[in-house]
Amino acid sequence: MDLTSFAGPFLPEIVLLAGVLLVYLLDVLKLRSNELVGSIAVAATGFALLFVVADLGFTPFALLRTLPASSVDPTFSGGYPLYAFTSLGLVFQAIFLLATCLVSLASLSRPREERGAPIFYGLLLLATLGMLLVAVAADLIFLLLAIEVTSLATYLLVGYTRRDSRSLEAAMKMYIIGALSTTLSFFGASLLYGAYGTTNLYAIRAIGILNTGAGAGSYPVLVLLGYGFLIVGLAFKATLVPFHAWAVDVYDGAPTDVTAFLAGGSKKMGLFAFFLVLLAPILFVRTVASGSPFTTTQVALGPVLQITLAVLAVLTMTVGNVLALLQKEMKRMLAYSSISQAGYMLIGITVGTAPALAGATLQIFAHVFMKGGAFLLVAGVSAWGIGPLIDDWKGLGTRRPLAGVAFALMLLSMAGVPLTVGFVSKFVLFSAAVQAQGYFVWLAIAGLLNSALSVFYYARVLRVMFFEQAAPNPLPAGTVVGGSEPPILPAGGFGYGRAAAIGLVVIVIVAVGVYPQMVLGAVQSAAQHFVNFGA
Amino acid sequence: MTDLPIVGFVGLSAALLAVGLFGILTRRNFILLLIAIEIAMNAAILNFVYFAAYAGGTPGLTGQSIAVVLVGFGATEVAVGLAIVLALNRLKGTINVARATELKL
Numbered sequence: 001m002d003l004t005s006f007a008g009p010f011l012p013e014i015v016l017l018a019g020v021l022l023v024y025l026l027d028v029l030k031l032r033s034n035e036l037v038g039s040i041a042v043a044a045t046g047f048a049l050l051f052v053v054a055d056l057g058f059t060p061f062a063l064l065r066t067l068p069a070s071s072v073d074p075t076f077s078g079g080y081p082l083y084a085f086t087s088l089g090l091v092f093q094a095i096f097l098l099a100t101c102l103v104s105l106a107s108l109s110r111p112r113e114e115r116g117a118p119i120f121y122g123l124l125l126l127a128t129l130g131m132l133l134v135a136v137a138a139d140l141i142f143l144l145l146a147i148e149v150t151s152l153a154t155y156l157l158v159g160y161t162r163r164d165s166r167s168l169e170a171a172m173k174m175y176i177i178g179a180l181s182t183t184l185s186f187f188g189a190s191l192l193y194g195a196y197g198t199t200n201l202y203a204i205r206a207i208g209i210l211n212t213g214a215g216a217g218s219y220p221v222l223v224l225l226g227y228g229f230l231i232v233g234l235a236f237k238a239t240l241v242p243f244h245a246w247a248v249d250v251y252d253g254a255p256t257d258v259t260a261f262l263a264g265g266s267k268k269m270g271l272f273a274f275f276l277v278l279l280a281p282i283l284f285v286r287t288v289a290s291g292s293p294f295t296t297t298q299v300a301l302g303p304v305l306q307i308t309l310a311v312l313a314v315l316t317m318t319v320g321n322v323l324a325l326l327q328k329e330m331k332r333m334l335a336y337s338s339i340s341q342a343g344y345m346l347i348g349i350t351v352g353t354a355p356a357l358a359g360a361t362l363q364i365f366a367h368v369f370m371k372g373g374a375f376l377l378v379a380g381v382s383a384w385g386i387g388p389l390i391d392d393w394k395g396l397g398t399r400r401p402l403a404g405v406a407f408a409l410m411l412l413s414m415a416g417v418p419l420t421v422g423f424v425s426k427f428v429l430f431s432a433a434v435q436a437q438g439y440f441v442w443l444a445i446a447g448l449l450n451s452a453l454s455v456f457y458y459a460r461v462l463r464v465m466f467f468e469q470a471a472p473n474p475l476p477a478g479t480v481v482g483g484s485e486p487p488i489l490p491a492g493g494f495g496y497g498r499a500a501a502i503g504l505v506v507i508v509i510v511a512v513g514v515y516p517q518m519v520l521g522a523v524q525s526a527a528q529h530f531v532n533f534g535a
Numbered sequence: 001m002t003d004l005p006i007v008g009f010v011g012l013s014a015a016l017l018a019v020g021l022f023g024i025l026t027r028r029n030f031i032l033l034l035i036a037i038e039i040a041m042n043a044a045i046l047n048f049v050y051f052a053a054y055a056g057g058t059p060g061l062t063g064q065s066i067a068v069v070l071v072g073f074g075a076t077e078v079a080v081g082l083a084i085v086l087a088l089n090r091l092k093g094t095i096n097v098a099r100a101t102e103l104k105l
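Respectively, the protein sequence lines represent chains P and S. Be aware that the first sequence starts at 1, since it is given in this note's numbering, and climbs by one per residue. Be aware that the second sequence starts at 1, since it is given in this note's numbering, and climbs by one per residue.
Derived DEER-like restraints, expressed as beta-carbon distance ranges:
#1 S:Ala14 x P:Gly385: 51 to 57 Å
#2 S:Ala53 x P:Pro111: 53 to 59 Å
#3 S:Ala53 x P:Leu36: 49 to 55 Å
#4 P:Pro242 x S:Ala98: 19 to 25 Å
Partial list, computed: chain P residues near chain S (C-beta under 7 Å):
#5 Ile141
#6 Leu152
#7 Glu169
#8 Met172
#9 Ser190
#10 Gly197
#11 Asp249
#12 Asp252
None of these hints come from the bench; they were simulated from the model. Note that the coordinates shown come from a computational prediction; the quantities given were computed from them, not determined experimentally. Note that beta-carbon positions come from the ideal geometry of N, C-alpha and C, so glycine has one too.
Whenever a hint applies, use it, and build me the whole structure from the sequences.
In structure tokens form, the structure reads like this:
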């Protein structure tokens, strides 16, 4: 294998790594300006995104392809590799890169006097590198180590300011919980290795389907415990109830741009890890259901996992939404709403059919824009002296119409109002659950009820923003804007980078909401390939 | 090597994991927390070594190499933890986890 044939498929990852090295080189050379380092991060993620989109088979970019069409969704003959390029994996790579690109674009507008820009962008790119590797993982250990690349970078990212005791406390909490969840995941992986004699996810899938494994039949307890530990470990990463308590504190304490990355990026990585790890047992059930000679013990695993996941999904949606209703602070409300959204995404994995997976992927895509954009906007308005409470947003919609309308669009999309991307994703997801019959219909109903519930707290924010009068002098003296009636600043008052990022978010929310075919087809065929893949 | 007592060995690593988890849940000193995390991590590593011996042959090699990688990974994780604890100690003068109460649960 020569260098080009190895470097080719990994070109997006190499571009990111080069970006990281360049950022740290500039740091050593004392070139630490936020704009310079930030534009390197934006460029690196932008180029990587172009390559990934080209690999997905998007014709206008055909020249940029880094891997031949034949090596996407390959069939395995003779041995299972460490990594495999699936089209769903590439879709997720694109989603991850979009999240990082938005965050680094918005962070260009961070205050000029703030220190630590190289640390911030370097860690951001490193975390994204780990996420890209998660998307191509085909081996359990490769997957868990890639998750750790991201986790280690995000622990430091949360506490990177080092002077702010709130964000350091958040970093500490995230580290302890993260280390705990890592340990549980690796313990689960070790039990699965003991049961199957391999850690390759696709080999495990084949063993389950063809039943040629040595240990699987003889120690079903190992398999069950192994998947149990893995689910708990990954549930921490994906912030599923009851493993969610850390997330709200961390989202609250972290610098808000980092929160946007955590909610829009690294949490989605945990959910994709769920896709990879759990589809083997759940698909196994679907294959078995169509009539084949397996014993009860071998078949029992899938339904047990499905019911566990269904319970987790309903718990996550409901608890997240109910707690979001009770919050008084904007960031904590968004954090709880982010937790409840993870419940919707879990429905797709529980059902395990191709349309359901497509729905979950769309939901994740939508969530990157809605929630990531919302946190970026919250970070922007805090520079205007608007406090952390929801009531501090009084009258924002009339004083700052651009920001108000953008935020309103994001909230409406989260609530699933038609003509937004949030409606499209929920529609695809819930209709797939209904099509799957059985108790999955109840999952769809629970999802719909929860969507209705979530409208209450989104509507409350809208009411505060548009229909309540601001306090007489909401801005303390010395903020960027002066006077009692602040003028509209250039680019909506956010600075150009953040305004561009938020504008992009708004365009995607509306464009995909009105014309979903743009992404629907690609996601659906990717999910179909993923379900058939290697089986 | 298939005559190894599987229940005994998995029981041993499960006990190690339990010790580690207990430490993570009860310790308030960050350094002791790190030690507890490492104990729990070693339970997983021990499992890999044991199952490698149990499987033998080529599948066994996988387990042994994974164990080596995980030892390295554990060191990395602790390094990050120590970085956080250093910054925390410099800022607050304490490494007691229970004192970190600015963010309400």
